[in-house]
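**Q** What follows is the residue order along each chain.
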Amino acid sequence: MSVQTNGKQRSHKAEMALKRMKSKLNRQVVGSLVGCVHCGMCTDSCHYVQTNPGDVTYAPAWKADRLRKIFKREIDWTGRVFPWWVGAKSVFSDEDLEELKDIAFGKCTNCRRCTINCPMGVDFATFNRMLRGMLVSVGVMPEGVAVVSKDQWEIGNQMGVLKEDYLDTLEWMADEMQIELDDESAQIPIDKKNANVVYSINPREVKYDPRTISDAAKIFHMAGEDWTMPSEGWDMTNFGLFSGDDDLGGAVAGMLYDKVIELKGKKLVISECGHGYRSTRCEGPNWAKKDVPFEMESSVITMLNYIKEGRIKVDKSRNPQPVTFHDSCNNARSCGLFEEPRELLQLVCEDFREMYPNRAENYCCTGGGGAMSMSEYAGRRLKSAKVKADQLKATGAEVVVTSCHNCVDGLSDCIKHYELGMEVTQLVNLVANALVIPEKPVVVPVEKEAEKVVAHAESLVNRTILIVDDEPDILTFFSTVLEDNGARILTATDGEEAVELAMREQPDLITLDINMPGKDGGWVFSRLREEKATSQIPVCIISGKPELRRLIYERSVPPPEGYVDKPVDEAMLMRNVRKILDLSKRDQTHSVESN
Amino acid sequence: MHVNGTTIRVEQGDMTLTEIEAIAFYATEDLKLGTGFGNAISMRGGPPVQEELNNLAPLLPLQAVVSSAGDLPAEYIIHANGPKFQETDMAGKLKTTLVNTLAAAVEKGITRIAYPPMGAGFYGVPIQECAKVMVNTFIEHAQRGSSIKEIVIVTMNKREYQPFAQLLHEDTKEVAA
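From first to last, the protein sequence lines are chains A and B.
Numbering that gives the first Met the number 0 puts the first residue of the first sequence at 0, with every later residue one more than the last.
Numbering that gives the first Met the number 0 puts the first residue of the second sequence at 0, with every later residue one more than the last.
It is worth saying that the hints were derived from the structure and are not from the lab.
Be aware that a few hints might be false.
Here are a few chain A residues that sit away from chain B, every Cβ distance over 12 Å (derived from the structure) [said to hold, decoys possible]:
no., residue
1, 19
2, 40
3, 82
4, 157
5, 176
6, 257
7, 316
8, 495
9, 530
DSS-like cross-link-like pairs, simulated, lysine-lysine; straight-line CA separation at most 27 Å [unchecked claim]:
no., chain 1, residue 1, chain 2, residue 2
10, A, 162, B, 92
11, B, 131, A, 23
12, A, 191, A, 315
Virtual Cβ for every residue (Gly too), placed ideally from N, Cα, C.
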């Protein structure tokens, strides 16, 4: 369907997109639209331009002119009267919208580096976001943007993490922490009312990097903080910032604010995420049209204060490797958070080296603005990452630290592509690693320990466990531990053998390594879940690389019953196996009855 | 609200965990479950749901089709291919889609259905308009006399809940047929 406009047919989508643009114009946007004098100061500030020097279509002013032309033709009197004179040009067809999509999503990460280099204060990123919003409102967007937006609209978090998986992960992280600290009072409190701190996280932490959750929990516990995590409305990220959809922005931020209010929390602490921090702390109240009656703070500041106030003690010699710091665009350029992470790094690392340029002038990780979710532009993204790679390499550091999950992914891709051999980590990991934990006096009640071992020795009798791993050492270790506890053991060293054995032997549990040559753990897991005969067999994923969790969780099959990070010790293995087989409760019952 | 023997109400919760006979799902033409509620259905319902849908696709615009619900608490899922992203006559098309879901439910003998705010959120139907169309369509259906005894609108948050609550609580008296 189309409408007649100035003698030209305009598609319904184009008409609706323009209507949206008109409804979103405000002083800030109009100021940027009319303020450009085409001086070219922005050009070299853009990492896309620097890696595509001969291609004018990457220049911020050129990209901005695509929207500016529409504005002139539709709104500004000069373009309405003399379109040929001022270069005014509107959009008419669905193809015109596709062309705009390529610019808005594929040639800009909304990093705002051009903005701070513009003498006229033109904020291109702001109206590029508006352009994205126009397109999204008529369904014109990269597939990845649609996928993530729909998850956040309908599940409440941008990675579609279901409530049971989120709570399960928190419970497991609390268990790991208790074992590590040998302290049963170390908990992750859920939905505790009147807590001093409500801690919100990025769903990426649940799906791919749960160690950031247990590290943060450890820090809160050691600081003696009165804290909690919400059972719902816990996602502090906000894809509305990237998609330009203010309604999504308001809905997501509103859920988080409502939850903190319901819990009567005094302060909302936002885990390390650049766009999450900006969305929740800076933009969210406007999108959600809400007054926020509590304090909001980055976890970087919380951790720094704990050290300054003497609530936790750290030993920087535990982080001896040379580290550099990557400023997230949203944290640094948009929110001014750049001195605190450096102060914290100096306290927890021995060898901190600055990256140049830095702070507000730093270059984007190249995965910003939702770019990591747009696979169709991965080639352009990685090409532009050459700027970042050169910056990283020049530091001579072995580790790059960032306070942003998006940057962790962007930098990891860049490092892999340019073979830099660096590790990427976050401040929470370094602080947790540097924590000085007072040692407890060790008293081993010899007889009771012996009783415990005997009591557990029979715990896996009549259970068959299939161990799937390509590493002989792991196979031997797992087999020994589980056999000693009474289990019958089957082993497989590759994916096909594992599926065949599972079908034939119907084990009670499968421990599955993700990273195997040939058919990897992801493939095996899918096959097991899809086959009727094996779909109900509990699976415990074993991996040394949290980032590989995506091989499992991005499949549209029910998630695994358990997940264990390597390295695995005997206690951890047994605890997880028993938990999955639901033996813990039975043992407790038995123990109560025995008493 | 009670209309001619049919209860229409709103509650806040997780639609795919609702204990009810059928849930409605805002589907696409290819009947791929995809993300969002589709992800929750896939994960909690298991692979058989998508397998069944593969044999039912394509689903023409505004039409509805019923599938089983796998391991979900509900027994059925009513998939409805409603209007998306500011199509022309969104309200009219949404109403037709809802009427078709009700017809599909009646034909299958389903008496209790849970709906999300259909088309709101990702597909861009403003929540106020969504609430108005849904509530009016359900009332009209019930006024004509229906074998459907309960319709529950399940919302995820306060923002979605309030417009429905306002419309449903406006008149708490029995509405005559």
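**Q** So, against the hints stated earlier in the document, which numbers end up violated here?
**A** Hints 1, 4, 6, 9, 10 and 12 are the ones this structure does not satisfy, whereas the remaining hints hold.
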